[in-house]
Amino acid sequence: MKYILMMNTMRAGQGVPQWDQKDLQAHIAFMIGLNKGLRQSGELVSAEGLSFPDQAKLVRAGTDGVPITDGVFPESKEFLAGYWIVDVDSPERAYAIAAKVSAAPGPGGTPLNMPIEVRPIMSGPPPEML
Amino acid sequence: MTKPWDATSEHLLRELAPQVLGSVARRFRDFSSAEDAVQEAMIAAFTQWPQEGVPENPRGWLIQVASRRMTDQVRSEIARRQRETAVAKDVETMAPVDEIESDMDPDDTLILLFMCCHPALTSSSAIALTLRAVGGLTTAEIANAFLVPEATMAQRISRAKQSIKASGVPFRLPSPQERAERLPAALHVLYLIFNEGYASSIGAHLQRLDLAREAIRLTRGAKALLPEDGEVAGLLALMLLTDARRAARTGPDEELISLDKQDRTLWDRAEISEGIELLTAALSKGSVGLYQLQAAIAAVHDEAARAEDTDWPQILALYELLKRVSPSPMVTLNHAIAAAMVHGPSKGLELLRTLDTDARLAGHYRLDAVRAHLLEMVGDYESAIKHYRIAASRTTSIPEQNYLMTQAACLAERKLS
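So the protein lines, in turn, are chains A and B. Take any residue in the first sequence, count from 1 to its spot, add 71: that is its number in my numbering. Take any residue in the second sequence, count from 1 to its spot, add 43: that is its number in my numbering.
Derived from the structure by calculation, the hints contain no laboratory data. Don't take every hint at face value.
Said to hold, decoys possible - Heads up, simulated DSSO-like pairs for lysine-lysine below, C-alpha to C-alpha not over 30 Å straight-line:
1. B/LYS266 <-> B/LYS304
2. B/LYS458 <-> B/LYS328
3. B/LYS304 <-> B/LYS366
4. B/LYS366 <-> B/LYS328
5. A/LYS93 <-> B/LYS429
6. B/LYS328 <-> B/LYS390
7. A/LYS93 <-> A/LYS171
8. B/LYS208 <-> B/LYS304
9. B/LYS429 <-> A/LYS128
10. A/LYS107 <-> B/LYS266
11. B/LYS366 <-> B/LYS458
12. A/LYS73 <-> A/LYS171
13. A/LYS93 <-> B/LYS304
14. B/LYS458 <-> A/LYS93
15. A/LYS93 <-> A/LYS128
Unchecked claim - Some, not all, of what chain B presents toward chain A, calculated at C-beta under 8 Å:
16. ASP296
17. GLU297
18. ARG432
19. SER436
20. ARG437
21. ILE441
22. ASN445
23. CYS453
Note that this is a predicted model, so its numbers are computed, not measured. Where a beta carbon is used, it is the ideal one built from N, C-alpha and C, also for glycine.
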């Protein structure tokens, strides 16, 4: 079963976190270690960090099909900061990984306990339909 | 008679791939189908040789298998379209493999390189095709190196072959004039492959070792085919002199370590001396090109035992030359750093201001990163922190982003103490 784990934290205009060097390094090391562990257990399908929201654009096709781009509105509550796609044996395992991500260390080493959205990824048709 | 399959056999197969492809493509005058046939022959060798042993004449074996495949293809094509017998006769009277063997032309590989680095192709297509046709990598290996699904890579390669077919470029050695026109494109593709491996622009892995190594191997091949060309030698030297620092470039957590903070005892001395030797020989021939100059700059860095021993006046002089030979905003940016090291950071900041109005660099994180670095040197920590953070929010490389955020945090602490 594949799941996407979505981390929603950054807001536009907030820029990079302004933490102490020590806290920053602990956070980076945690994320690198987490990905390494998921790769080794064979559960990681892909993981990507997204650029900061100030580089995001909202795109819509105009009546002539030409893209109309718009800035991202800073009042938007949350932005996707990054995601993991994992292939695991049970939903519980996906939740456990999400909880681990959620508890990434923040300032002073305190767990951030960020909300992580977990959703199953739709799969192909079942064999009996083929 | 066969030889047992060992560690060198895989290398041998990769060496033979472009020679076999060149020979088959020339014989059948169809690059696109020849490329598929040779891939199948390679796969057959990879599955059969480890069990049955390496044939006595491995190249002949590969040519034979690929040619048989081509002949089958042509025959079925004929049957399908019920074509005239003239073509079938052509197939039947084709020279046996033994005769082709003696007719092997090392220039075939060169034609292949020029063909794969065709200016009509996008750089991502040219890279994929070069790795497969000249490098002998399988589609799966290339897909893996670029972290894309195999089906996507297969599609990219097949589209590239269609573009070559559509361009109508015949499979023959380019004239000296064509060669002069095409060589820069070919070298650029090799350079891009190296860069992709060395400083990956996507994802969390800073160094993708195999691609950098593959680029060096391919450029060595190009150097063997064009031993007198100063820029080929310059490019190979540049790759070696840069690759030499690989082990020192990342820390235990894959974090980026900047040149001035690297443990220089980890640098690969053998690669450095080979690079310097190549460069010295190339420079003695007179003409000075883009790659030779960049290699010369890399050599000056590599020759300094400690960061503070770096001969910055020489680097500055080389950047001034590079600015004349191949002007670009990126060169100006690096020129500003060298100028700051020689004449002080204010001089560097002054040069950076000339780039503020350059549309090609507008909003590019490198400009902010360099400005932050120079502001740090001046002692204006507050502005430096601001620019490090802007740069961090603009880069699309995670290791680089981590590095820039850490620089900002480091300065913020120093400001307080």
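For each hint, the structure was consulted:
Distance restraint check for B/LYS266 and B/LYS304: the Cα-Cα separation of roughly 33 Å exceeds the 30 Å cut-off, and the hinted pair is therefore not satisfied. Using a Cα cut-off of 30 Å, the hinted pair B/LYS458 and B/LYS328 is violated, with the two alpha carbons roughly 52 Å apart. Proposed proximity of B/LYS304 and B/LYS366 is supported: the alpha carbons are some 27 Å apart, at most 30 Å. A distance of roughly 21 Å separates the Cα atoms of B/LYS366 and B/LYS328; the hinted pair therefore holds under the 30 Å criterion.
About 19 Å separates the Cα atoms of A/LYS93 and B/LYS429, which keeps this hinted pair within 30 Å; it holds. For the hint linking B/LYS328 to B/LYS390, the alpha-carbon distance of about 35 Å lies beyond 30 Å, and the restraint is violated. Taken as a hint, the A/LYS93 and A/LYS171 pair is honoured in the structure, with Cα atoms around 20 Å apart against an allowance of 30 Å. For the given pair, B/LYS208 sits about 50 Å from B/LYS304 by alpha-carbon distance, which is inconsistent with the 30 Å threshold.
Restraint check for B/LYS429 and A/LYS128: satisfied, since their Cα atoms lie roughly 23 Å apart, inside the 30 Å limit. Using a Cα cut-off of 30 Å, the hinted pair A/LYS107 and B/LYS266 is violated, with the two alpha carbons roughly 39 Å apart. Among the hinted pairs, B/LYS366 with B/LYS458 is inconsistent with the structure: their alpha-carbon atoms are about 36 Å apart, more than 30 Å. As the CA atoms of A/LYS73 and A/LYS171 are separated by approximately 17 Å, the hinted pair is consistent with the 30 Å bound.
Taking the CA atoms of A/LYS93 and B/LYS304, the gap is near 18 Å; set against the 30 Å cutoff, the hint holds. In summary, the hint linking B/LYS458 to A/LYS93 is supported, as the alpha carbons are separated by about 15 Å, within the 30 Å threshold. Distance check on the hinted pair: A/LYS93 and A/LYS128 sit about 33 Å apart at the alpha-carbon level, beyond 30 Å; violated. For B/ASP296, the interface hint holds, the least distance from its beta-carbon to any beta-carbon of chain A being 5 Å, beneath 8 Å.
Restraint check, B/GLU297 versus chain A: the minimum CB separation of about 6 Å is within 8 Å; hint holds. With its C-beta approaching chain A no nearer than about 5 Å, B/ARG432 sits inside the 8 Å limit, and its interface hint holds. Because the smallest distance between the Cβ of B/SER436 and any Cβ of chain A comes to about 4 Å, under 8 Å, the interface hint for this residue holds. Proximity of B/ARG437 to chain A holds as hinted, the smallest CB-CB distance being about 7 Å (cut-off 8 Å).
The beta carbon of B/ILE441 is positioned within 8 Å of a beta carbon in chain A (closest approach about 5 Å), and the interface hint is therefore held. This hint holds: B/ASN445 has a C-beta 5 Å from the nearest C-beta of chain A, less than the 8 Å allowed. A distance limit of 8 Å between C-beta atoms decides the matter here; for B/CYS453 the minimum to chain A is near 5 Å, and the interface restraint holds.
Comparing the model with each earlier hint shows violations of hints 1, 2, 6, 8, 10, 11, 15; every other hint is respected.
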